[in-house]
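Chain by chain, the residues run as shown.
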Amino acid sequence: MSGLRILVPVKRVIDYAIKPRINKAQTGVETTGVKHSLNPFDELSIEEAVRIRERKGPIKVEDILALSAGGPKCPDVLRTAMAMGADRAFHIDVPDKGDGGPEPLTIAKMLQAVVKEQNVNLVLLGKQAIDGDQGQTGQMLAGLLGWPQATQASKVDIKDEAGTVEITHEVDGGVETLRAKLPLVITTDLRLNEPRYASLPNIMKAKKKPLEKKTLADLGVEDTRRLKTLKVTEPPPRKGGGKVEDVDGLVSKLKELGAL
Amino acid sequence: MYRSQMQRVLRLQRPALLRGPCRTGMSPQDRAFSTSGRRDIMGMTGFTEEQLTVREAISHICSKFPNTYWQEHDQQEKDPKEFHAALAKDGWLGIALPESLGGAGLGISEATMMMQTITQSGAGMAGAQAIHANVYATQPLAKFGTKEQLETTIPNIINGTWRTCFAVTEPNTGLETLKLTTLASKTADGYSVTGQKIWITCAQVASKMILLARTTPLEEVKKTSEGLSLFCIDIDRENPGLDLRKIKKMGGRAVDANEVFFDNYKIPANALIGGENQGFKIILHGMNAERCLLAGEALGLGYAALEKASQYAKDRVVFGRPIGQNQGVAHPLADAFMKLEAAKLATYHAARLYDTNDGSVPFHEIGVACNSAKYLAAEAAFTACERAVLAHGGMGYAVEYDVERYMRECFVPRIAPVSREMILNYVSEKVLDLPRSY
Chain G
1 MSGLRILVPV
11 KRVIDYAIKP
21 RINKAQTGVE
31 TTGVKHSLNP
41 FDELSIEEAV
51 RIRERKGPIK
61 VEDILALSAG
71 GPKCPDVLRT
81 AMAMGADRAF
91 HIDVPDKGDG
101 GPEPLTIAKM
111 LQAVVKEQNV
121 NLVLLGKQAI
131 DGDQGQTGQM
141 LAGLLGWPQA
151 TQASKVDIKD
161 EAGTVEITHE
171 VDGGVETLRA
181 KLPLVITTDL
191 RLNEPRYASL
201 PNIMKAKKKP
211 LEKKTLADLG
221 VEDTRRLKTL
231 KVTEPPPRKG
241 GGKVEDVDGL
251 VSKLKELGAL
Chain D
1 MYRSQMQRVL
11 RLQRPALLRG
21 PCRTGMSPQD
31 RAFSTSGRRD
41 IMGMTGFTEE
51 QLTVREAISH
61 ICSKFPNTYW
71 QEHDQQEKDP
81 KEFHAALAKD
91 GWLGIALPES
101 LGGAGLGISE
111 ATMMMQTITQ
121 SGAGMAGAQA
131 IHANVYATQP
141 LAKFGTKEQL
151 ETTIPNIING
161 TWRTCFAVTE
171 PNTGLETLKL
181 TTLASKTADG
191 YSVTGQKIWI
201 TCAQVASKMI
211 LLARTTPLEE
221 VKKTSEGLSL
231 FCIDIDRENP
241 GLDLRKIKKM
251 GGRAVDANEV
261 FFDNYKIPAN
271 ALIGGENQGF
281 KIILHGMNAE
291 RCLLAGEALG
301 LGYAALEKAS
311 QYAKDRVVFG
321 RPIGQNQGVA
331 HPLADAFMKL
341 EAAKLATYHA
351 ARLYDTNDGS
361 VPFHEIGVAC
371 NSAKYLAAEA
381 AFTACERAVL
391 AHGGMGYAVE
401 YDVERYMREC
411 FVPRIAPVSR
421 EMILNYVSEK
431 VLDLPRSY
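Those protein sequences? They're chains G and D, same order as listed. Letter 104 of the first sequence, counting from 1, is numbered 104 in the working numbering, and no numbers are missing. Letter 36 of the second sequence, counting from 1, is numbered 36 in the working numbering, and no numbers are missing.
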């Protein structure tokens, strides 16, 4: 294996600390005038790509390419990714239509085209974006490419020059260790690492790193929708609980509510 | 939505992400995306992309240093060295230094935003003063320093190995900088310094000092602006010729301020910055920049106090309703907000003029803008802090609620680096063309 060419797709989402609100038309979440940032899981995948390079393992990292599909604000998160250590970035210009953006399959097809075009041999993706929570893109991409995949990684270890990779992921009741060979798709989970803050010199350097703008058409992908969102509503407000005196009271209350 | 799930995981795994940062501030577990759901009351429109980037990045770092950190350091008069180290580690001390020297090459507009973000985070003036001189006093050094000074001193200050302090003021010559008496007299291999400086912040923890001292006795000076020289010297605490004495003070107690006594303190010839006797001109250049930084620091303090006050006024219920529902409580806060917003516009306007630096803005106009900004921001901060204490009632007097600390600290930008009265004199003379009173 000559060198690692890593692709890290990232998404600009509503900041995780903000409470999302449904828009007036009930078609989705209100995004205007709301603080956005890099999807936390994507922050982990950028960090991991940079750490793979810094660990100086058996295979040298040749390139870290960050990519984001979306409207004119996307370059913000791409600059963040580059400030954290990505070498260059692609902004796939997809106009905001207020419909939640392209579906996972469209994104996966787009990534497939980029993987081929850019000779990528490792794709590190967040396991899901915290806006749509679909968690499908990584798996679909692996399927389209016919590559092995390791989802929800909590540890990534490149073992040898032949491209053997061991990935640990958490399953119910323990951890599972998988072994696969490059090329490979990995999705990241919360415990993989602690993403760094971009330092000031790196923020400044990121401004000068190449950011290329492309369209879906450039990659031969069409933004077709197979799903239609009918309605988005807030969950009903929680009703206050009641207090019972003792176990008997609890049992009779449960019976009264038809739970027993 | 995945959010609620993630919050649950985080609560177990990385509680700091939710709880807000924990005490020591330094362990990697404290790392947070963004901890407070607090609403920014300051209007955020009109800032440049660079300013917003700076604000966001600095807020991240500051979120590791909660109010309890600053309360503790203030009470115990303990230097916030972890805070200085955290900013140095990520290169922030070089924000306004040229890229060729390892800085970021940004302007005073961005540095002002950095200082504002620091004070506003709850760090207050103590946080700002812990790094202030490293950001500001290195400016003349970068501009006029020798090759050797640029190659050794500047990188070590940016990376935090060395801290610096800035020594101009003397006990008997406050604003009359040209009358400074501390004398650096020539010796065979350098200078010997004798005299006294006062209000030297961070001298206890610094290893370098940017010193303004007289190299030509006052009576021999031909041109009034000549006779002073700027030096970058080592602080050698073992040397009997140097004595540092801490001054007990009202606010910002985490950061030391000192009287400094020199008695035949020897410094090498290569400590000189720029030409001999040219020191006043050299520091004059940086004075307007310092006004902007101070204005930013004042603004941050004011907004921090006002945020606390409006939150308290919303939460505190008396006579069956939040006290903020009473106009007697709400209106003074609303008024303080408008004063801060106006001062904010003046401050970033002044910083922009300073950064323009292409000759299109007359020097005198920059001076007026920077002085006005400092004045307005300091007064607006005072108004906000005072009303914040009052809005808190008895609790405003308690350390736990932070506003008393802000109140004590907001006198710094009112008094330094130049008093309110001297700014009024300056505007009377330079803008209104009135005869000078002193």
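The set of hints was computed from the structure by calculation and includes no laboratory data. It is possible that some hints are incorrect.
Below, computed lysine-lysine pairings styled on DSS-like, alpha-carbon distance capped at 25 angstroms [as the list claims (entries may be wrong)]:
| no. | chain 1 | residue 1 | chain 2 | residue 2 |
| --- | --- | --- | --- | --- |
| 1 | G | K19 | D | K89 |
| 2 | G | K207 | D | K89 |
| 3 | D | K89 | G | K208 |
| 4 | D | K89 | G | K56 |
| 5 | D | K89 | G | K205 |
Derived list of chain D stretches under chain G, where covered just means 3 residues or more per stretch with a C-beta under 8 angstroms from a C-beta of chain G [unchecked claim]:
| no. | stretch |
| --- | --- |
| 6 | 55–69 |
| 7 | 97–111 |
Think of the CB as a built atom: it goes at the ideal place given N, C-alpha and C, for glycine as much as any other residue.
Worksheet item: Are there hints from earlier that the structure breaks, and if so, what are their numbers?
Response: 1
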